[in-house]
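Chain by chain, the residues:
Protein chains: 2
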Amino acid sequence: MNPERFLTTFHSLTNIGWTEDGVLRLALNEYDIKVREELIKILSSIGVHIMVDDAGNIIGELGGKLSDAIAIGSHMDSVPYGGKYDGFYGVMAGLEVLRSIKERGISNHSIKLIDFTNEEGSRFQPSLLGSGLTTGIFDKNYVYSRRDKDNISFEEALRVSGFMGDESNRLMHMKPNYYLELHIEQGPILEEEGYQIGIPLGIAGLSVYEFTFKGQSSQTGPTPMDRRRDALVGASKFVVSVRDHAKKQENLRATVGILNVKPNVYNAIPREVRLTVDVRSIERNRIDHTINEFVNIAKSIADDEKLEVEYRHLWTANPVSFSDEVISVIERACKELSMRYKFMYSWAGHDAQYMTKISKVGMIFIPSHLGISHAKEEYSSDEDMLNGLRVLEKAVELLNS
Amino acid sequence: MNPERFLTTFHSLTNIGWTEDGVLRLALNEYDIKVREELIKILSSIGVHIMVDDAGNIIGELGGKLSDAIAIGSHMDSVPYGGKYDGFYGVMAGLEVLRSIKERGISNHSIKLIDFTNEEGSRFQPSLLGSGLTTGIFDKNYVYSRRDKDNISFEEALRVSGFMGDESNRLMHMKPNYYLELHIEQGPILEEEGYQIGIPLGIAGLSVYEFTFKGQSSQTGPTPMDRRRDALVGASKFVVSVRDHAKKQENLRATVGILNVKPNVYNAIPREVRLTVDVRSIERNRIDHTINEFVNIAKSIADDEKLEVEYRHLWTANPVSFSDEVISVIERACKELSMRYKFMYSWAGHDAQYMTKISKVGMIFIPSHLGISHAKEEYSSDEDMLNGLRVLEKAVELLNS
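In the order they appear, the protein sequences are chains A and B.
Under this note's numbering, the first residue of the first sequence carries the number 1, and numbering increases by one thereafter.
Under this note's numbering, the first residue of the second sequence carries the number 1, and numbering increases by one thereafter.
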């Protein structure tokens, strides 16, 4: 591979949509369209066959001696005021792999590069719409009827963009044998612990629950401290317990993100607090077990504070495990390149999780400076990016042999 | 005094403005006007001279041999969906005292009955507008320009009501020698501890501060538990500390009533939490000292959680002490009537606090069932109301001798 070509291409193209507050390359907006056209221009110039499916996913195919395919993918859309790296890095690295394979002659397997539409879920919710439709997880009507904040449907945005492709181009019909995705970590672990490469074993699942603590409102003045039924005191104990409980354990994340108080008046004791708990783990039964513990903690706090507590399930996404075969190949690539690597999990969602339905999947992570992501401060060094690219290229070479 | 006459008058008149959700007798609304007219009708029928000042306060005067006056007062306005007792009880008890003094012949001192306008501050903010203007604490322009939620000014409401009186009738010009106010406790102490009468030594002061905890927002997934700067965890520790700190002490109340989270999204670690702390004590330096302790607690929590914390003063109302002479007279009245009484503080505001500027002031409390107030469930028994009335009458008799 050609490090200079990769870096030049990456840095010039990721500036499409850059503002002083971050990248504004929301799915299928003017900047996303522009960068897609640039990608297609380069792929076409080296003889890659371009297909677009009915989710607007771009699939570039470099033919090989065998029909089995190795796919590399990621996404070029960003969150509002996002970073320059994120999914964009993965697509640019895949492009460089195709360019260098092409230069070396004819590939053994067919090699595919995929740019998935609307990975972020910032313009159209939920996230992973492109990979969800192309793998058959989402229904076409569901995907097409998603609307952005200006009430434009996904279908309309796709038509206007010029990237309305054909259902026959869906990846579920091609079923690539392998799927690889290179991404920034979006967390601080690799940098802090001095690793060059992270090898995710899978993607964590999550369950989100709502808890409501109910007490008795009264005037703050005349109600003595020991006669109160203050819903906010109970909820606050719970917030701290949730964090402390999760902090004591490995590979568990639990967060209270939303918290609303009633009546929310300075001189009234809070009568009701409603909050959400987001619990993540790589093991589904660990999530369920943790939720049970949180329910018990909430009940015990409610008893102590003379409150009532209710809870309800909002939604769950199951954890995903990557292919042992692909993980081994990535590890072998790291070893052959003398990279310091660490097995870990992905705690954020990626298109890779839906690709597990139709392919053997693996991911490669590189360090994120300070763990910051989805912000203009997002940064990974050129050296780290080149390390990730080398591992990706080596893994493809091993799978392609 | 005539217990039956008092109870009949109280129960029939407090139904003016009663709905199935509570009393709707907001200051100068149709129900408040109706009940004011009924009060004036009764007072006039027994020869009481009626004056109205420029705040709409009604001052009924029963002449005596001496020009020094003993004033009894309270208010008949309610919060939205309030209780039947609250200030209304105090006015009705004062009315019965005047009726029975009139029946017994000529009083030694002049006896005044006052119904203060807009005590609650529910229709026009702040509270105590009537007593504030008549004692010279508030400026006339300030009081007249207060507006309700329909943008009606206090001045306009006063004119429409027919209770626009004369500035020369302000109590600051008459300066009654003594002022007595009988009220429900609005807290659970007297009932729980088996007392019939509470004798407040004064009214607690309060300071309200705003605290803001600032951390770092990031995705709940990829950010490990021990790398977080979660503003909600810090704020929650603070909420619990404020309660625990105040609970350990006598005669101190501290409450977090308002708490708002940013960005308040289920999968984002909270970056900012803004909350209010309402601190009350009978001693001003105790309030200031407690605020200092809370600032230190907040800073210590912020350090532990790697957060920043800011705070600012919103407002302060100084504590008020009642007259030792009047307190002694009320105590003597209780003893002569063999009442079980308890010295305590008023933790809510009353017109009595502004009356301390121009008179020697004392208050009398009776038990509130379950401590509930400002709600339709507010309740005090006829027996308790009569006990309070007897103490008020006896105290007036002692002052009048």
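These are calculated hints, taken from the structure and not from any lab test.
Hints are supplied without guarantee of correctness; some may be wrong.
[Said to hold, decoys possible] For lysine to aspartate or glutamate, the following EDC-like pairs were computed, each having C-alpha atoms within a straight-line distance of at most 16 Å: (1) 41(B) to 68(B); (2) 376(B) to 20(B); (3) 140(B) to 155(B); (4) 248(A) to 61(B); (5) 140(A) to 156(A); (6) 360(A) to 304(A); (7) 306(A) to 272(A); (8) 376(A) to 20(A); (9) 214(B) to 303(B); (10) 247(A) to 61(B); (11) 248(B) to 226(A); (12) 247(B) to 156(A); (13) 175(B) to 68(B); (14) 247(A) to 304(B); (15) 102(B) to 61(B); (16) 357(B) to 139(B); (17) 214(A) to 310(A); (18) 247(B) to 304(A).
[Unchecked claim] Estimated spans, in silico, between C-beta atoms of each pair: (19) 260(B) to 226(A): 46 to 54 Å; (20) 227(A) to 265(B): 29 to 37 Å; (21) 308(A) to 137(B): 39 to 47 Å; (22) 151(B) to 314(A): 24 to 32 Å; (23) 300(A) to 153(B): 48 to 56 Å; (24) 260(A) to 168(B): 26 to 34 Å.
[Claimed, not checked] Some but not every residue of chain A turned toward chain B, in silico, with C-beta under 8 Å: (25) 18; (26) 222; (27) 280.
The beta-carbon is built from N, C-alpha and C at its ideal position, and this holds for glycine as well.
Outcome of the hint check:
1. 41(B) to 68(B): violated (25 Å)
2. 376(B) to 20(B): holds (8 Å)
3. 140(B) to 155(B): holds (10 Å)
4. 248(A) to 61(B): Given pair residue 248(A), residue 61(B) is violated - Cα atoms ~72 Å apart, limit 16 Å.
5. 140(A) to 156(A): holds (13 Å)
6. 360(A) to 304(A): violated (51 Å)
7. 306(A) to 272(A): holds (13 Å)
8. 376(A) to 20(A): holds (8 Å)
9. 214(B) to 303(B): It holds: about 11 Å lies between the C-alpha atoms, which stays within 16 Å.
10. 247(A) to 61(B): violated (70 Å)
11. 248(B) to 226(A): Status holds; Cα separation ~9 Å.
12. 247(B) to 156(A): violated (60 Å)
13. 175(B) to 68(B): Holds, at roughly 9 Å.
14. 247(A) to 304(B): holds (14 Å)
15. 102(B) to 61(B): Answer holds: residue 102(B) to residue 61(B) is near 11 Å, not above 16 Å.
16. 357(B) to 139(B): holds (15 Å)
17. 214(A) to 310(A): Within the cut-off at roughly 8 Å; holds.
18. 247(B) to 304(A): Holds, at roughly 14 Å.
19. 260(B) to 226(A): 46 to 54 Å: violated (27 Å)
20. 227(A) to 265(B): 29 to 37 Å: holds (36 Å)
21. 308(A) to 137(B): 39 to 47 Å: Holds, at about 43 Å.
22. 151(B) to 314(A): 24 to 32 Å: violated (41 Å)
23. 300(A) to 153(B): 48 to 56 Å: Holds: the Cβ-Cβ distance is about 52 Å, inside 48 to 56 Å.
24. 260(A) to 168(B): 26 to 34 Å: Given range 26 to 34 Å: violated, Cβ gap about 51 Å.
25. 18: violated (21 Å)
26. 222: This hint holds: residue 222(A) lies near chain B, its Cβ roughly 4 Å from the closest one there, short of 8 Å.
27. 280: Holds - the Cβ of residue 280(A) comes within 8 Å of chain B, reaching about 6 Å at its closest.
Checked against the numbered hints given earlier, the structure breaks hints 1, 4, 6, 10, 12, 19, 22, 24 and 25 and satisfies all the rest.
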